[in-house]
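The lines below spell out each chain.
Protein chains: 2
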Amino acid sequence: MDNHAPAPTAAVLLIGNELLSGRTQDINLAYIAKRMVAKGIRLQEARMIQDVPEVIINSVNELRARHTYVFTTGGIGPTHDDITADCIAEAFGVSLPIHPEAKARLLAHFKTIGVESNEDRLRMARIPEGASLVDNSVSAAPGFRIHNVFAFAGVPRIMQAMLDSVLPELESGPVLHSVTVISNLGEGAVAAPLRKLQEQYPAVDLGSYPGKVADSFRLSLVARGTDEAQLDQVKIALQQIIVDQGGVVLQD
Amino acid sequence: MDNHAPAPTAAVLLIGNELLSGRTQDINLAYIAKRMVAKGIRLQEARMIQDVPEVIINSVNELRARHTYVFTTGGIGPTHDDITADCIAEAFGVSLPIHPEAKARLLAHFKTIGVESNEDRLRMARIPEGASLVDNSVSAAPGFRIHNVFAFAGVPRIMQAMLDSVLPELESGPVLHSVTVISNLGEGAVAAPLRKLQEQYPAVDLGSYPGKVADSFRLSLVARGTDEAQLDQVKIALQQIIVDQGGVVLQD
Numbered sequence: 001m002d003n004h005a006p007a008p009t010a011a012v013l014l015i016g017n018e019l020l021s022g023r024t025q026d027i028n029l030a031y032i033a034k035r036m037v038a039k040g041i042r043l044q045e046a047r048m049i050q051d052v053p054e055v056i057i058n059s060v061n062e063l064r065a066r067h068t069y070v071f072t073t074g075g076i077g078p079t080h081d082d083i084t085a086d087c088i089a090e091a092f093g094v095s096l097p098i099h100p101e102a103k104a105r106l107l108a109h110f111k112t113i114g115v116e117s118n119e120d121r122l123r124m125a126r127i128p129e130g131a132s133l134v135d136n137s138v139s140a141a142p143g144f145r146i147h148n149v150f151a152f153a154g155v156p157r158i159m160q161a162m163l164d165s166v167l168p169e170l171e172s173g174p175v176l177h178s179v180t181v182i183s184n185l186g187e188g189a190v191a192a193p194l195r196k197l198q199e200q201y202p203a204v205d206l207g208s209y210p211g212k213v214a215d216s217f218r219l220s221l222v223a224r225g226t227d228e229a230q231l232d233q234v235k236i237a238l239q240q241i242i243v244d245q246g247g248v249v250l251q252d
Numbered sequence: 001m002d003n004h005a006p007a008p009t010a011a012v013l014l015i016g017n018e019l020l021s022g023r024t025q026d027i028n029l030a031y032i033a034k035r036m037v038a039k040g041i042r043l044q045e046a047r048m049i050q051d052v053p054e055v056i057i058n059s060v061n062e063l064r065a066r067h068t069y070v071f072t073t074g075g076i077g078p079t080h081d082d083i084t085a086d087c088i089a090e091a092f093g094v095s096l097p098i099h100p101e102a103k104a105r106l107l108a109h110f111k112t113i114g115v116e117s118n119e120d121r122l123r124m125a126r127i128p129e130g131a132s133l134v135d136n137s138v139s140a141a142p143g144f145r146i147h148n149v150f151a152f153a154g155v156p157r158i159m160q161a162m163l164d165s166v167l168p169e170l171e172s173g174p175v176l177h178s179v180t181v182i183s184n185l186g187e188g189a190v191a192a193p194l195r196k197l198q199e200q201y202p203a204v205d206l207g208s209y210p211g212k213v214a215d216s217f218r219l220s221l222v223a224r225g226t227d228e229a230q231l232d233q234v235k236i237a238l239q240q241i242i243v244d245q246g247g248v249v250l251q252d
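Heads up: the sequence lines are chains A and B, in that order.
For the first sequence, my numbering assigns the number 1 to the initial residue and increments by one for each residue that follows.
For the second sequence, my numbering assigns the number 1 to the initial residue and increments by one for each residue that follows.
So here's chain A without its partners, still in its complex pose (with noise of 0.2 Å):
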C-alpha cells in the first residue's frame, strides 16, 4: 500500500422498490460502510432506487464510470421482481447464461435442504458472462463480480457474508481513523475555533454532530484522517475548545 497513492473509492446502489415505501429499513449501507473504513476505501455515495430496469442499468454505469468498486444490493433471488443480473448484464453489454458452477451450488443446496429445482430456482444460476462468482454461505445462490461491479443480495445476513467473502481482494487504501470529543456544548458555541482548527489541520475532515443521548443534548465533534499522531493532537484541540466556551467534555 502507497500512503501518498489515492485511496480507492466506492459507491453502493441499494436496488428495491421496498426501501423507497418505507417498509423496509435499509442496514446494509452501515455495515458496508464500516467495511470500507476498516478497509481504507472511501465510501463516497450511497443510491437507493426502484427495480426499473433504466435507472438500474443507467446508474451501475453512471458509478462505475466514477468509483474505484461499486457494491449493489438486492434483486437477485428467483421472483419476477429480481432484475438486477439481467440490468448488471445489460449494463455491461453481456449475455447472461446459466453458470454451470452456481447451478451445481444451487442443486446441492435444493438437495440438502429438500425442495425440487425449477426454472424459477435456476434463474438464480445466471451469471453475466465473465463474471465471477461471490460464495453466499448462508444459502448458496452466489452473487457476483464483473469488472469493478459487485452484486450481492439485499437480506442482510447474505449481504455481509458476501461481502466478507470478498474483502480480500478489494484494494486496500490509507485507513481513515476518527476521534470523537463528546460535550454539552451548542454547536453555535464552537463552530468559530472550530473553523479555525479546521483550517490549521486541512488534512483532517472535521465534523460537528448535534444529537440526544438519554434524552440530553450532546454534541459530538469528529476528526478524521490518516494520520494518527495529528489525530491525537486535534483531539487535544477540540477538548481545549471546550474548555475554553465553558463546556464540559463528557467522552472520550
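For the record, the hints were derived by calculation from the structure and aren't laboratory data.
There's no promise every hint is true.
Unchecked claim - Below, computed lysine-lysine pairings styled on BS3-like, alpha-carbon distance capped at 27 Å:
#	chain 1	residue 1	chain 2	residue 2
1	A	Lys212	B	Lys212
2	B	Lys235	B	Lys196
3	B	Lys235	B	Lys111
4	A	Lys235	A	Lys39
5	B	Lys212	B	Lys39
6	B	Lys212	B	Lys196
7	A	Lys196	A	Lys212
8	A	Lys196	B	Lys39
9	A	Lys235	A	Lys212
10	A	Lys212	B	Lys111
11	A	Lys34	A	Lys212
12	A	Lys103	B	Lys39
13	B	Lys235	B	Lys212
14	B	Lys212	A	Lys111
15	B	Lys235	A	Lys212
16	B	Lys212	A	Lys103
17	B	Lys212	A	Lys34
Given the structure of chain A, go ahead and fit chain B onto it with the hints provided.
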C-alpha cells in the same frame, strides 16, 4: 386530485459524511418515505452524498429537474461543514443573504435559551434569495423551500417537524395502498404463480421479500396499487398461491 393524472414524484438527498462513514444510521429516509406514501407522492430515489460542494450542487440540479419535489436533509447548522444552503443557492444561481424573519426567530430563540448571538449562529439565518422559510418548532433555526427543493435539518426530530409543517403545501396524488401476505414458503416455490399473477394485474406492483421473524424464515408477498378493490382480489389470489404450493398463510 385527478386520479388519472400522473402522481407527483420525489427524491431525497441525504447530505453528510457521517452517513457514509457508518457512524450514523440514517432514519430520515424511512420517515419521509412513509409520509410520501400517505400523500400519494412517489418517492423514486434517494442519495447519500458527502459534504462536497460540487457533489451537492450537481445532485440538487439533477434531482430537481427530474422530480416534482426534492427534500434535502443535513448541513444547515452553524458550523463550517454546514454548506447545504450555500450549495442550493449556487445550484439556483441566487445569493444567500440574511433573511430578516429567520434572524428574528433565531434572536428570539437565543434569548429564550440564554445564549448570545454570534456570527456563526446567525449563519443559520442565511436563506437563498427567493426562498420561503420552513418552520422549525424544535430549535427555531428554519429550513427553507426554493421552487421544488426543500432543505431540512439532519437531526431526525427537527427534520420530522419540518417535513410535517410543509406537508399541507405539497400536491397530493393517488395513494398507493398495499396488502401483505406472509408465509413459510421459499421464494422459489411461489415464483412461477407470482409471475403469472403479476401479468394478470399489470397495474399492481408485486414484490417478494424473504426475511426472518424471531429466527424463523418468513416470506412477505406485498402488493401495491391505487385500486383497493383490486388489491383485495390480489390478496386472495396470493393466499391461494400459498395454499396451492403446500404452504401456510401465517398472517394477513
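Hints violated by the structure (numbers, ascending): Hint check: 1, 3, 5, 8, 12 and 15 fail, others pass.
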